[in-house]
Each structure stands twice: as C-alpha cells, then as structure tokens.
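*Asks:* Take a look at the letters that make up each chain.
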Amino acid sequence: MTTAQANTAEALGLQQRSSSPRARLLTLPAVVLLLLWSVLPLIVTLWFSFRRYNLMNPGHTGFDGLGNYRYLFSDPGLGMAVWNTVLLLGSVLVITIGVGTLIALLLDQEFYGRGFARVLMLAPFFVMPTVSALLWKNMMMHPDNGFLAFLMRSVGLKPIDWFAVAPLTSIIIIVSWEWLPFAVLTLLTAIQSLDAERKEAARMDGAGPIAMFRYIIWPHLGRAVAATTMIETIFILGIFAEIYVTSSGGPGFASTNLSFLIYRYVLMEYDIGGAAVAGLLAIVLANVLAFFLLRSFARNLDT
Amino acid sequence: MATVDLQQLRKTYNSVEIIKGIDLTVRDQELTVFVGPSGCGKSTLLRMIAGLEEITSGELLIDGQRVNEVPAAKRGLALVFQSYALYPHMTVAENMSFSLKLAGVSKAEREAKVMEAARILHLEPLLDRKPKELSGGQRQRVAIGRAIVRHPRLFLFDEPLSNLDAALRVRMRQELTKLHRELKATMIYVTHDQVEAMTMADRIVVLQAGVVEQVGTPMELYQHPKNLFVAGFIGSPRMNFLTAIVVSVSDARVALELTDGTVIHASLPASAVSVGHTITLGIRPEHIRLSATGSIGAQVQLVERLGSESYVYVQANSGEVLTVRVSGEVNVAPEEKVRLAPDSDFLHLFDAIGQRIS
Ligand SMILES: Nc1ncnc2c1ncn2[C@@H]1O[C@H](COP(=O)(O)OP(=O)(O)OP(=O)(O)O)[C@@H](O)[C@H]1O
Ligand SMILES: [Mg+2]
Chain A
1 MTTAQANTAE ALGLQQRSSS PRARLLTLPA VVLLLLWSVL PLIVTLWFSF RRYNLMNPGH
61 TGFDGLGNYR YLFSDPGLGM AVWNTVLLLG SVLVITIGVG TLIALLLDQE FYGRGFARVL
121 MLAPFFVMPT VSALLWKNMM MHPDNGFLAF LMRSVGLKPI DWFAVAPLTS IIIIVSWEWL
181 PFAVLTLLTA IQSLDAERKE AARMDGAGPI AMFRYIIWPH LGRAVAATTM IETIFILGIF
241 AEIYVTSSGG PGFASTNLSF LIYRYVLMEY DIGGAAVAGL LAIVLANVLA FFLLRSFARN
301 LDT
Chain B
1 MATVDLQQLR KTYNSVEIIK GIDLTVRDQE LTVFVGPSGC GKSTLLRMIA GLEEITSGEL
61 LIDGQRVNEV PAAKRGLALV FQSYALYPHM TVAENMSFSL KLAGVSKAER EAKVMEAARI
121 LHLEPLLDRK PKELSGGQRQ RVAIGRAIVR HPRLFLFDEP LSNLDAALRV RMRQELTKLH
181 RELKATMIYV THDQVEAMTM ADRIVVLQAG VVEQVGTPME LYQHPKNLFV AGFIGSPRMN
241 FLTAIVVSVS DARVALELTD GTVIHASLPA SAVSVGHTIT LGIRPEHIRL SATGSIGAQV
301 QLVERLGSES YVYVQANSGE VLTVRVSGEV NVAPEEKVRL APDSDFLHLF DAIGQRIS
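Protein sequences, first through last, are from chains A and B.
Residues in the first sequence are numbered consecutively from 1, following my numbering.
Residues in the second sequence are numbered consecutively from 1, following my numbering.
In isolation and in its complexed conformation, chain B is listed as follows (with noise of 0.2 Å):
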C-alpha cells in the first residue's frame, strides 16, 4: 500500500545526464508499467526507487515521505531481478526466508509466511529444492515469493519475463496481473515489450532518452498518442505514418494533400492548424481498410497470413510503405495494385515538431 512520488528526478554518470528530470506519481494500488526502448533509463529509475542507485538530485517521496537518503532494505520495497537473483546454495524455502531470518524474525513466523507465499504461487512441492533444480519459470515464482514473504509496501520488477519462452510469458503474464489484484499491492512493473505494458498496467509511463514522454492507462495512450513517439510504440504492428500539407480547412475539417497529389479529409478544429503546414498523419494498421474506392493508391509487397488476421504490406504512391490489418483471410497477391480506405474517426495527426493536433 504506497504511493511513490519523483520530483525532478535526475540522475548523472560521469557527467552523462541519464535521467533528466522525472516528475511522476505512482498511485496506491495500481499496478504502473515503465515502458521504453532499451537504454532509456528504465532500469536505472528503477534501481534510484528501489535504493540501490544513488539519486543525483530531486526528490523522492514515498507515502508523502522522502526516502532519498533511506537504505534500500530500509524502504519497505521488493525487488525482482531479471536474472531472478537467487541465492544457489540455499534451498527454495530458505531463499524466499533469508530476509525475515536476517529481520530476527522467529522460526515458527518465518515457516508460516514461506507456506503462505508458496500456496499463493503453488510452490509447496519445492520448498525444499535448490534453485539449480528448478525451471524457468519455477525460479521465476520464487523470485516473486521472496518478494511476497516480506510484505512490502511496493513491488519493483525489472522486465521479469524476459528470459521465459513466448508461451510462458503469456502465463506469467496473467498470473501477476492476478496476483496484482489478490494481493492488493502497488507495484511498478519495468519492460521494453509494449504487449506487456498495455495487457497488465493500470497505468503505463512511457520514457524515452531519460524523459517521461506520457503517463496514462492504456487506452488512452492507444487513443490519444501524445506525440509521434508515443504513438509509434504502443500499438502492433506499428502505427503508418504519412508526410501531407494542409490544404484547406474548414470548420471542424481539414483537406490535407500527400506528397503524390491525393487529397485526404479529416475532422479537427479549424483552430489547430492553417493552410500550408507540414504535418504527419498517422494511421493504425486496424483503421485502414482496402477497398475498390479508397482514395490512396498503392502496391502490395508482402502478404502474413496468421489465420486469425492477415498483415499486408503495401508501399503507397507516396513512396511511404504501410502496414494493413485484415481480420481472416485476404486474397491479395504482391505487386498487385490496391486502393486504401483510411478510416477518417482514427486519424492521428502531429504538427512538425511531431506533437499531436487535437
């Protein structure tokens, strides 16, 4: 039970500035996610929460209180380690114990918590296993049951599931999201996987070179992309982007023309642009459809049939090449020659400096 709150968090290694000024709070209960591509930082703001990074400057408050200063094992907080950390030469049981045995926590105590922590994530029949005796995913469960022995107010975990296979992910996947829910707890969840952001966080944070570029659920962020990055990492496949020049605008309508001459209609305030700007239009591959009357041209260059749903990729007049989803089975072929109906409700547009229009 915690909220965590950064104030112009930062954070400096031999001069390089690798966190640059992160205001967030994390509310109470909620399950946050940090996303981002490799080397934004997520690891390290991770590690400034968790105590084992020093913070160069700003504040860290916890519950309303600032624990800059606080020793890690001090703050009330578990970390589960990528590498799942365990300890080789201590049993299962013993692993998921060490805290509250260095806590002088008596025997008969610390057994109990062990067994509720290993009925929770059904570990009971290895209690008495080494690590080296365990699967994947098994170790993976014991690094959460050390986490879960000590009660702490918040849970860190540092992209958890990337050393599982696909299908081991999924599971793990739900299995925290449920334990999430059962165990009440706040938690901030690091990975680089978008899938993983928007099926588990109440709240997804996405940072990008050291910056939080936007905070919200994840639909909003599917919805309402703040700015070009954003938009181009939530979502799969990719959201398609076009170059095109407003035209003409009208009230509640603007005509904005591709670089190849089609002309393409579009519904936004008339306040937020004027004729002759250069914007981006972003459309997800789920909004476009193809159709005999489309207005952009194009050309198939590869079909992906996945049974449920096809991908095709077309380069289109304007030289951009995008990404189609169709539910089913499609019967196209490459270098055959479409029509591409954007559907006009779904049209992301970003201004030059690729911040979103609206």
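Bound-form chain A, shown alone (with noise of 0.2 Å):
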C-alpha cells in the first residue's frame, strides 16, 4: 500500500468513526458536562458585563450597553492591575527558575545530609498560601519583630515597613517562596536524568563547569523550564491569598493584580458588572500569555 492509499484509509476510518451516531452518543455526556463547566460561566460572565447590576442598589438592573466597559477602561487601577499582575508573574518566573537552577544545581552535587537538605528546600511547597503570606508579614517582613528587621538593626540599617515601602516587590519575594520548591523539584529532575555518558563526552571534549552548564546542561533543561513556565503562569496569574493577607492590595492599587481588582468590584464596590468585565479581561489576558508562551516553547519541546 502507498502512503497517499494508507492516508486516505486511515481519513476514512476517521470519518467512519467519529460519523456513527452511536459514538457520538457515548461522547455527549462528556461533552455537555464540559460546556456545563467552562463554557457556561464564560457566558454568564459575558451576559453580567452588559448588564447594570450593582448589589448596593439591587432594584436598578437593566441592559447598560457598554457602560460597564467605558466605567472600567476609565478607572486608573486597571492599568495598574494589568501592569501588576504581569509584574509579579514575569518576576517570579525568573526568580524561581533562576535560582531554582542554581539550587537544582547544587543538590545535584554529592555531599553530607543531601537528602535532608532535599526535603528542607521542598518544605515550603506544602504551607498553604494563606499561611506562608501571614509567616512572612508578621514574622519575617514586620518592621518591629520581623527578621529582615532585626537583620538591618543588626548592621546598622534602618528597617523599612515593607508592605508600605515596597508592596508588590514583598509580595513577588512571597510568591517565590512559594513557588521554588517547585521549580527546584522539576529541574532536579530534569538534571538527574541527563545521561552520564553525556557528560562524560563533554568533560572530555573539555568542558568546565560553566562550558558545561551553558552547552550540555541548559539544553536539557528546556523541557522542564517550559513545565514549569506553564504550570507556574497558571497559578500565579490568580495570586490572591497572599495580597489578600497581606497589604489589601495596597497602597492604593500598588499591589492590586487583576484577580483582586475583580475582588475590590464585587465585595467592596458591590459591582457585578465592573467585575464580569475585568474577569473577561482576565481571560483575555491569560489566554495571550498563554498563546506567546505555547508559541515560544513550542520550539524547544521539538528538539
């Protein structure tokens, strides 16, 4: 058989397939269930952003046409929202895959209490968000009991008041916290499964510890650089808890991200409306992060 007859066989057994009824049939529970979950919010969503519902004032409802829309595009914490929650996450992207690295890098070498030292740097991946925001507010970040305090009393510094000086960078150190443990495990991993020959080869070929990182290790990591992109755009896009906890996002909207933009519509504005329009807003946002992401590391998963 050619290829061209294999081809079209194989179209036909396709087409057989998914056209009996039958099949689909079997397949529509899965289907209606998955409209019911993702696809129905996503409409409600889009119905509320046209209309004028505000819980302060339930009797006024109504069509609004693009009310909502002109009232959010106005408003100046949206921009900072935006700008925000592409800050924290492109920092703690690079932060914990960065040091992450390093830290892959050394627990991959030998030395005494590596498993220990293994378990500690994976330790903060199981406190809860809630509870790790609150441990470094009060204990770490705290401008009269925390450590970082009491570190700069120690030399000299004055301590500064974190949340009120530097908001959304404390809450990008939060973040990482959070999150290294996780960087830390995925390129371990990845590390560990590089072929030792391979390494050898280079070590012959001459490669020194920096030759080697940049020409054999790097490469190899690209998969698990892209995982861990992947997986950690989705959580930290939706970073709530720890602003939450932690400066309200303030001052003002100076650590406001989209998720707690939505937050302040709903539970302190009472706007069902304004909210609807900046969670679409925030679809719209993860899906081109998530576009330029795909495209980007489409390539390397290739190789």
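It is possible that part of the hints are untrue.
Unchecked claim - In silico lysine-lysine, DSSO-like type, Cα no more than 27 Å apart, as pairs:
#, chain 1, residue 1, chain 2, residue 2
1, B, K130, A, K199
2, B, K113, B, K20
3, B, K20, B, K101
4, A, K199, B, K226
5, B, K107, A, K199
6, A, K199, B, K74
7, B, K130, B, K101
8, B, K184, B, K132
The set of hints was computed from the structure by calculation and includes no laboratory data.
As the structure is a computational prediction, the values presented were derived from the model and not from experiment.
Two chains, two frames, a set of hints: combine them into the complex.
*Replies:* Rendered as structure tokens:
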C-alpha cells in the first residue's frame, strides 16, 4: 500500500468513527459536562458584563450597553492591575527558574546530608498560601518584630516597612518563596535525567563547569523550564490570598493584580457588572500570555 | 602516537577491589583490545586511563609521563562511548567541533577539521542533521568523528559496536580496522566479544575479575592459551575439556587415561608431568575428527548444520559433552554411536590449578 492510500484509508476510518451516531451518543455526556463546566460560566460572565447590576442597588438593573466597559477602562486602577499582574508573573518566573536552577545544580552534587537538604528545600511547597503569607508578614517582614528588621538593625540600618514601601516587591518575594520548591523539584529531576555518559563526553571534550552548564545542562533543561513556566503561569496569574492577607492590594493600587481588582469590584463596591468585565479581561490576558508561551516553547519541546 | 604504561594499577570502590594490580604496556600505533566477561573491569580500566575514574593506586604513564592526576581533557585522548553520548541539540558538525570550539580554535580551522573527518567517515551529507535524525551506524560514525577531529594521541573505545545489529557490526568492525591503519593511531578497544577481539586486535589483553590473564597476539592466544580461562574464552565454538590422569611418561610422549579408561597419547617434554597427576586435556572443536578408528567413544546428541560447516555435539563415554566441528555436510544423527580422533599435534594440557603445561 502506498502512503497516499494509507492516508486515505486512515481518513476514511476516522470519518467512519466520528460519524457513527452511536459513538457520538457515547461522547455526549462528556461534551455536555464540559460545556456546563467551562462555557456556561463564560456566558454568564459575558451576560453580566452588559448589565447594570450593583448589589447596593438591587432594584436598579437592566441593560447598560458598553457602560461597564467604559467605566472599567476609565478606572485608573485597571492599568495598574494589568501591569502588576504581568510584573508579578514575570518576576516570580525569573526568580524561581533562575534561583531554582542554581539550587538544583547544588542539590545534584554529592555532599553530606544531601537527602535532608532536599527535604528541607521542598518544605515551603507544603505550606498553605495564606499561612506562608502571614508568616512572611509577621515574622520576616514586620517593621518592628520581623527577622529582616532585626538583621538590618544589627548591621546598623534603619528597618523598612516592607508592605508600605515596596508592597509588590514584598509579594513577589513571598510568591517566589512559595514556588521555588516546585521549580527546584522539576529542574532537579531534569538534571538527574541527563545521561551521565553525555556529561563525561563533554568533560573529555574539555568542558569546564561553566561550559558544561551552558552547552550541555541548560539545553537539556528546556522541557523542564517550559513545563515549570506553564504551570507557574496558570497559578500565579490568579494570586489572591497572599495579597489579601498582607497588603490588601494597597497602598492605592500598588499591589493590586487583576484577580484582586475583581474582588475589589465585587466585595468592596458590590459591582457585579464591573467585576464581570474585569474577569473577561483576565481571561483575555491569560490567553494572550498562554499563546506566546506555548509558541515560544513549542519550538523548544521539539528538540 | 603514544605508548601507555600501567604499573600495578588498582581501583577500589567502597573497599571492594575491582582492578587488582594491572601491569601492562600498550604499544605505539597498535590496536590493543581488552576482552573479558561482563563485570571483569574492562570499562573501569579504560575509564581510569581516560581520566574519568580516579586511580586508587599505581602509576599510569602516557608516553613515559605520569598522568595519574592530569584531568581527562588534558590527557590528549578521545573516548568513544557505547551509547555514543552525542549532544542531541547540536548538529553533526557541531557535535564534532565542540571540543575545538571549547579549545578556542578558529571557525575556519574548525570547519576544515570537521570536513576532513567527515570525508574519512563518509559523513559529508549528514553534517547539518541532528543526532536523532541518524541511524545507529551513522551515530556511531559521528561519535568516532568527534574523536578524530581532536587528533588525540590515543583513541579509547568502550564496546562501540554493541548497539548495532549483526551485519552492521561486521561492517563497522572492518571500517574501524581500516581507520586504524589509515590514521596510524594507537587505540585501546574494549569488548566482551572474543570474535571482535580476534578479528581487530594487534594485541589482546584478556581480563578476568580485575586481573590480566594473558597478553598476546590473537594467534598466540589461540595457539598457546596460558590457562584454562583463556583457553575457554578465546575461540568459537569453545575449546573442549576432558579430565585425565597421566599413566606413563616416556621422552617427549605422555599417555593420558580418561575417566572411562580410554588412553590418549600426547607429545610433551617428559619433565613437565609425572605419573599419577590429574590434568585437564583441551581440544578445540576443529581439531577433532569423526573417525571409525578414533580412540574416544561417544554418542551424538545434536547436530547443527550451517552449510559451510556443521557442529556435532556429542557425549563422550567419559561423560563430558564435546563439540566437533566438521567442514561441510555431515551424515550422523542424534543417538548414533561415533568415534572421535583428536589431532595429537593440537592438544592443550593444563595442570590441576589450570595453568598450561608445556
Ligand atoms: N561506581 C561503581 N561503584 C561500585 N562498583 C562499581 C562501580 N562501577 C563499576 N563497579 C563494579 O566494578 C566491576 C567492573 O565493572 P565494569 O563496568 O568495569 O565491567 P565491564 O568489564 O565493563 O563489564 P561489561 O562487559 O558488562 O561492560 C563490576 O563488578 C561493577 O559492579
Ligand atoms: Mg563495560
């Protein structure tokens, strides 16, 4: 059989399979469930985004046209929130993958107590976001009692009030701390899956530690970095608890990201319509980011 | 161009000695093969020479200079791995020129050297491909090319053909031998396949459990194995072994009695053995004939016909199972009683501790 024939046969086979009414019937529950699960909330959100609907004013409903959109896009908080979301995501990705690679390289070396060090390294991952944020707020970054303040005082510096002076930076530090173990775990696994003979071949070829990292280890980490970026992106776009228990999005909008902005609309201003528009915007942003990420990594995943 | 001297080389892993004091000289421009059963320490020894494995004690000299502490990259050798260990994200050309790039060689010179190696190995059309787009044999050639571009003093190979199919293995074997001749390079080649060793080597080193059993040319090992281990390891099919007792010694001839009472005569200087000694008699399958007048009685168990030759597996009356090689067709059937005539010029005698008597 030629390739062309094989292809046609395959196409026919596929057609047969998908056009069989019984097969369609069997996939129906899954399709319906998927629709209910993902499309329905989207439709409801779309619906509300065109409605005038404020919980403080429940009698005053009805269609508002693009009113919610106009209102949101004139809100100075929106630009801040989008920018903060992107900045938070970008910084955490760079920190966790950069520092994570270094730590993974260290943990890959032979040293006494390596197993214990690995367990310690992973520990932060098991702390709930709310708890770790509170830990950082009250034990590390507190301007009077915090450990960082203690350190600064002991070298003669004036302690800083982290959440007043650098709220977004503080949140970036906390979220990075939470996600570093995950990055280390995936990167360490990838480093250990590198063929030992390949490293030895590079050693014979004259590669020192830096050349070894640059030409052998880093290219090998491509997939792991892609996977880590993807997964972290999904979770970090929607960071909420860390902001809620520390800075509450302030001062002003300095540490408000999109998901916190939505919360502000709903529970501080009771504006369901406005929140719906912000939600739609979050979806658009996530999709744009996902598109670029997938595209830039699709190339990597190929090799 | 190099000679390598090993002096009492030892390697210990967690207090287990793997390499047990090896003395050896690898001569300039020769292809030396390390051969031995799995786990005997061939790879470990090669990696010690390469500098990938620390030397526990002893001296390693290359061209007369002690290199125990010289790092792998500075020893001027190239190692071809069993798994090829190519860099998957680099093209064939980049794989081959990686060491030159690290050494700071100019781009033009790098290209020239890669082209030269590619010509020798017929890799020119593949230079822009990635390793995953190559067949096993082609990958093997790239791995060899990576070694050639460095112009090393010494080439090291660790079972480079074991991942290839039988036909390709034979071809690569010939290509490697040819390459060795063309490059006039010194090579050490590790294998557990005694056929590879016999066909490729200028000199074979037989290893067992971390010690050298014998060093010699393929024919020396075939004709004068120093002990039972080498006798059994070199040659295919394996040498046959029979237990016997010396019953009489006259000048240059001894009479040996097998366990069933059969008496066989062998030529041997009289001083080597005395009456009453138990010895092992070794006969290669190609040195036994099926003959009605033969001295050893036996029963056929199995016949393998390969066309050009046949192997007859028989059980001697003394109990041992023997292999007889017959050229061409043979007309015996299982269960049949036959008589065997060993060629008395090709008998190998080993004493009670397995050392050759001569
Ligand atoms: N890193 C190590 N730690 C402990 N023991 C080791 C180590 N590497 C090898 N050995 C032991 O050393 C012995 C020799 O190993 P080596 O790899 O040299 O065998 P080999 O002759 O190359 O065998 P093969 O033909 O199977 O490749 C083996 O018994 C092995 O278990
Ligand atoms: Mg080996």
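*Asks:* Against this structure, judge whether each hint is valid.
*Replies:* Tested hints:
1. K130/B - K199/A: holds, 18 Å
2. K113/B - K20/B: violated, 40 Å
3. K20/B - K101/B: Roughly 39 Å between the alpha carbons, so the hint for K20/B and K101/B is violated.
4. K199/A - K226/B: violated, 40 Å
5. K107/B - K199/A: holds, 24 Å
6. K199/A - K74/B: Distance of about 16 Å is within 27 Å: holds.
7. K130/B - K101/B: Distance ~18 Å between K130/B and K101/B Cα, so the pair holds.
8. K184/B - K132/B: violated, 31 Å
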